[in-house]
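S.K.: Model the full assembly from the supplied sequences, consistent with the hints where possible.
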Amino acid sequence: MSLSFADPQLLWLTPLAALPLLGGVLRRSAFPSLASVPVDGLSRLISLALTFTAVATIGSTALALAGPRRGGELVEKIGDGAETALLIDRSGSMNETFAGRPPEGGEESKANAARRVLQDYVRRRQHDRFGVVGFSTSPIRMLPLTDKMDAVLGAVAAIDRPGLDYTDIGRGLATALSLLSEDAGQSSRVLLLVSDGAAVIDPKVQQTLRTTFARTRVNLYWLFLRTANSTGISDTPKPGEDTPQAMPERHLDIFFKSLKIPYKAFEVENPGAVEAAVAEIGRLETHPIVYRERLPTEDLTGFFAALALLSSLALVAAKIFEAGLFTSSLPLGLPEAARPSRRRAA
Amino acid sequence: MTDDALLAYRPHARPRTGRPGAHPGADAGSLGLFRNHAPFSRYPEARRIDLRASLRDPFGEIHVRRFEPRNVVDVYALVDLSASMGFVGHAAKIGLVEDICVAMARAAHRYGDAFGIIGADAHIRRDFQIRATRRRSLETEIRELFRRSTPAGRSAAGLAEAANLLAGRRKLVFVLSDFRQTAAVTDALLANLIRHDVVPIIVGDSAEETDLPEWGLIEMQDLETGQRRVVFMRPALRRKWLDEAARRKSALRRLFMRYGRTPVTVADRLDIENLSRQLMEA
Chain A
1 MSLSFADPQL LWLTPLAALP LLGGVLRRSA FPSLASVPVD GLSRLISLAL TFTAVATIGS
61 TALALAGPRR GGELVEKIGD GAETALLIDR SGSMNETFAG RPPEGGEESK ANAARRVLQD
121 YVRRRQHDRF GVVGFSTSPI RMLPLTDKMD AVLGAVAAID RPGLDYTDIG RGLATALSLL
181 SEDAGQSSRV LLLVSDGAAV IDPKVQQTLR TTFARTRVNL YWLFLRTANS TGISDTPKPG
241 EDTPQAMPER HLDIFFKSLK IPYKAFEVEN PGAVEAAVAE IGRLETHPIV YRERLPTEDL
301 TGFFAALALL SSLALVAAKI FEAGLFTSSL PLGLPEAARP SRRRAA
Chain B
1 MTDDALLAYR PHARPRTGRP GAHPGADAGS LGLFRNHAPF SRYPEARRID LRASLRDPFG
61 EIHVRRFEPR NVVDVYALVD LSASMGFVGH AAKIGLVEDI CVAMARAAHR YGDAFGIIGA
121 DAHIRRDFQI RATRRRSLET EIRELFRRST PAGRSAAGLA EAANLLAGRR KLVFVLSDFR
181 QTAAVTDALL ANLIRHDVVP IIVGDSAEET DLPEWGLIEM QDLETGQRRV VFMRPALRRK
241 WLDEAARRKS ALRRLFMRYG RTPVTVADRL DIENLSRQLM EA
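Protein chains in written order, with UniProt numbering: chain A, 1 to 346; chain B, 1 to 282.
It should be emphasised that the hints constitute simulated quantities derived from the structure, not laboratory data.
Misleading hints may appear alongside valid ones.
To be verified - Each computed DMTMM-like pair below joins lysine to aspartate or glutamate, with the alpha-carbon atoms no more than 25 Å apart: (1) B/K240 - B/D178; (2) A/K319 - B/E214; (3) B/K249 - B/D271; (4) A/K319 - A/D147; (5) A/K238 - A/E267; (6) B/K240 - A/E322; (7) A/K319 - B/E209; (8) B/K240 - A/E267; (9) B/K249 - A/E104.
Values in this document were obtained by computation on a predicted structure and should not be read as measured data.
M.R.: In C-alpha cells form, the structure reads like this:
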C-alpha cells in the first residue's frame, strides 16, 4: 500500500486543517462566565464532532486537490511455470500450408496451426509469463513479458496475419533474449522459436548470441514447421553441399547445440505434430517462478472529494442549526479578555 | 433614565459625621426632629429646656428636649470592571452601571453627600477613581471615566482591596457587580467592608438567564477566561440551565444575608423608582 500524489505541492495546504482547532466552527456568543453554564455530555460530544468534521473538511479538500492515488508499486508474485519468450517467424512462407502452397478450402496454413496450438498452450499455462517477438526482415517486439493472458492471446492471435519477406533469425533471437534478460528473477526461462525455415546467422552475430545465451540461462525450443520437400534439420548433407547457405536449418541446429544450453528441436510436418510438440514443451517446463509486477493505480481523489462534500454538508447543517443566543458576539479573532487593557497601558 | 426622578437611598446605620445633611444621624443635637428628653444635669442645653415636661415631673427634674440632627454620609460606588461586565445582552451591563452611578451622583449632590467611585478588576484600578467629592462637575467626570475605560479584567478580586481606600468613618458603599465571581471572592469582599454600609447591587441581564432559546447550537466564549464551549441547547438543558441560575442566585443571596446585607437587583434597564424602593427596603 503506497500513496502517491498527482500534485504533491498542493499538500502544503493540509496544515490549514488545523484552523478549526484554533478558531472554532460556530459564531461565538460572548458570555459573562461559563461557570454558570451546565456541563453537558452531549454538547461536548457535538463540539468534538464539529471540530473533527471541520478538520476533515479542510484536510480532505486539500488531499483531494493533491490528487492522491494508491498502488502503482511493484509486487512479487509466484507463478507455476516459466517465463516464455515466443519468437515467431512472420515470413511470408508461414502463410502457406505444410504442403507449401497457399491454403485452399479447409486447409490450414502453418501460421494458423501455430496460432491455434500456441493459444492453447498459453491458455493452459495461466501462471506463466509470456513475451512475444515476431521477426521477418527485422524483429518486432510485440509484447514484453507479462502475465496478462488477454494481451498474450491477442499477440498470439495476430501471428497469422500476412507476413513479410525474409527471415532474419539472428536479430530475432537477440531481441527475444533481451526480452528475457530484462527480468533478473530466479525463474526458468524458455525461448520458444517457431519458424518454418532458418537463415544464415552472421558469424559476428553468432558470437554475440553465444555470450548472451550463456548469460541468460535459457531453455531453447525450436518448433520447426517443415514444409514438404524442403531441407530439414536432420537431413544428411550431400557431399559438397554442407554449407550454411545450402542447409541453413541443419547449421542453425548445430549452432544451437554448440551453445551448451538445454535445447530441443521439434521438426514437425503437419498440424497434429505441432500439437504433440507443444504438449511436450508444456510437460518439460513447469517450475515455480517469482516475478514482479506493477499494480494498477487507484485514484482516491473521488473518495476524498466525497468525504469533503459530506463533512461540508454536516457543517452546513450545524450552521443552519446554529442559534444566535445573544446580540453581542465577539468579532473573529482574539477573545476580548486576551486583549491588553488599553487603560492600564496608558 | 428619567431626569426628574431622584434616586433615594439611606444608610443602614445612622451616620455620625457631625456635618448637617439629609440622613438622620446617630448624635443627639439641638436641631432637627425631636428625639427624646434628657435631664438638664446630663445634657445642659439651656436653650432647649422643655417647661411643660419639667413642670409635669413630680420630682422636679428639669428636662431638656433633644433633637436628632440630619447628617451627611460619604457615598461610594464600587464598580466591578472585570471583563464579564462587558457583556451586552438586552443592554450593555457597563452602560447600566454608568447610568446608576450618574443617578447616584445626582442624588448625592441633592442630599449634600459626597460621592466617589472606585473601580477594580483583578486589582484596584488607579485610573478609575474619584475620591468622594461634592463637585458639581461630578456627572461629567463619571461619564468621562466610563468613556475612557472598558471592562477587561480577568477577575473582580480587586474589589476587596477597596477597603484600604475606604478608611475612616462609616460610609455607604454600593457594590455594582454581576457577582459572577466565586463565593470566596464575594465573601472576602463583604468581610473586608464589614465596617461600612454595603449595598450589593447585582447587575444582571435577562438574556443571560431567562431569555434562552429552546433549540440550537451555541458556541459560547467566556468573557474573562476566553474559553470556548459549544452548547447544544434543548428543552432539557434549558431547564437545567435555569435551575442552576436560580440555585446560584439563592446561594448568593444567602451569602449576603449572612453579612446582613440585602442584595438589590437591576436588570436590562435602569428604573429609578424601582431601584429607590429596593434601596430603601434594603
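S.K.: Are the hints correct? Go through all of them and say.
M.R.: Checked hints:
no., hint, result
1, B/K240 - B/D178, "holds (21 Å)"
2, A/K319 - B/E214, "holds (16 Å)"
3, B/K249 - B/D271, "holds (21 Å)"
4, A/K319 - A/D147, "violated (54 Å)"
5, A/K238 - A/E267, "holds (20 Å)"
6, B/K240 - A/E322, "holds (20 Å)"
7, A/K319 - B/E209, "holds (24 Å)"
8, B/K240 - A/E267, "violated (98 Å)"
9, B/K249 - A/E104, "violated (111 Å)"
Hint violations for this structure: numbers 4, 8, 9, all remaining hints satisfied.
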